[in-house]
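Trainee: For chain A, the structure is supplied; the task is to place chain B on it using the hints.
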Amino acid sequence: SAVISQKPSRDICQRGTSLTIQCQVDSQVTMMFWYRQQPGQSLTLIATANQGSEATYESGFVIDKFPISRPNLTFSTLTVSNMSPEDSSIYLCSASDPGDEQYFGPGTRLTVT
Amino acid sequence: GIQVEQSPPDLILQEGANSTLRCNFSDSVNNLQWFHQNPWGQLINLFYIPSGTKQNGRLSATTVATERYSLLYISSSQTTDSGVYFCAVGINQGGKLIFGQGTELSVKP
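So the protein sequences, as listed, match chains A and B. The opening position of the first sequence corresponds to residue 1 in the numbering used here, with each subsequent residue numbered one higher. The opening position of the second sequence corresponds to residue 1 in the numbering used here, with each subsequent residue numbered one higher.
Next comes chain A alone, as it looks inside the complex:
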């Protein structure tokens, strides 16, 4: 099973600023994903982070707001840009290989004031 770490674990940010979240996997994986969990809600997929190419975004999420990088098979970043209070959520990254179980990082708890 993959072990996934995220940094930071939590942050409090002012509106209008940006935050970059890092996700590190302890082994090479084919697929990495970023999810958002708004307060009291379920998880929603933001995008699939593709190694060496642009991320694939789900409906309702755009690259300008959530730029994603994936420079190699073990690391990805998600930036939350020009933040507003509505961006206050837990952001989780996950990883898996095709046909295999998906594992999640511990999440980044973001509060925007």
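Note that these hints are calculated values from the structure, not bench results. Hints may be right or wrong, so weigh each one.
What the hints assert, rightly or not - So the derived list for chain A, only partly shown, Cβ under 7 angstroms to chain B, looks like this:
hint	residue
1	Cys13
2	Gly16
3	Ser42
4	Ile90
5	Gln102
6	Gly107
7	Leu110
Treat the numbers as computed from the prediction; the structure is a model and nothing was measured. Glycine included, each C-beta is placed from N, C-alpha and C at the ideal position.
Mentor: For chain B alone, coordinates are given in the frame of chain A:
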């Protein structure tokens, strides 16, 4: 798109009781996972079960893919079982998961 429905939305149990959580999905899936989200927000993998039955200690799960549902059984519940249980399904080799709305379980001592 595929719909994932979990029931019940909330459940309160006395310690030692048994429970069954249900996950219905509206289309064929190639992946189904059950997770427990603890009070600190960590998602813990319980089962990877696109079909069949698995058991792990006091927990077991059954997925009947042809009838598009999965069940999670918790026996002899403990207070540490409290939290939110999510069912999530994958529909293609792309790997992304679609989550249900969860069942919030509270186990009282």
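Trainee: A separate judgement is required for each hint: does it hold in the structure or not?
Mentor: Right, here's what the structure says about each hint:
1. Cys13: Result: violated, 18 angstroms to nearest chain B Cβ.
2. Gly16: violated (26 angstroms)
3. Ser42: Result: holds, 5 angstroms to nearest chain B Cβ.
4. Ile90: holds (5 angstroms)
5. Gln102: holds (6 angstroms)
6. Gly107: holds (5 angstroms)
7. Leu110: At 12 angstroms from the nearest chain B Cβ, A:Leu110 fails the 7 angstroms test, so the hint is violated.
Going down the numbered hints, you'll see the structure goes against 1, 2 and 7, while the others check out.
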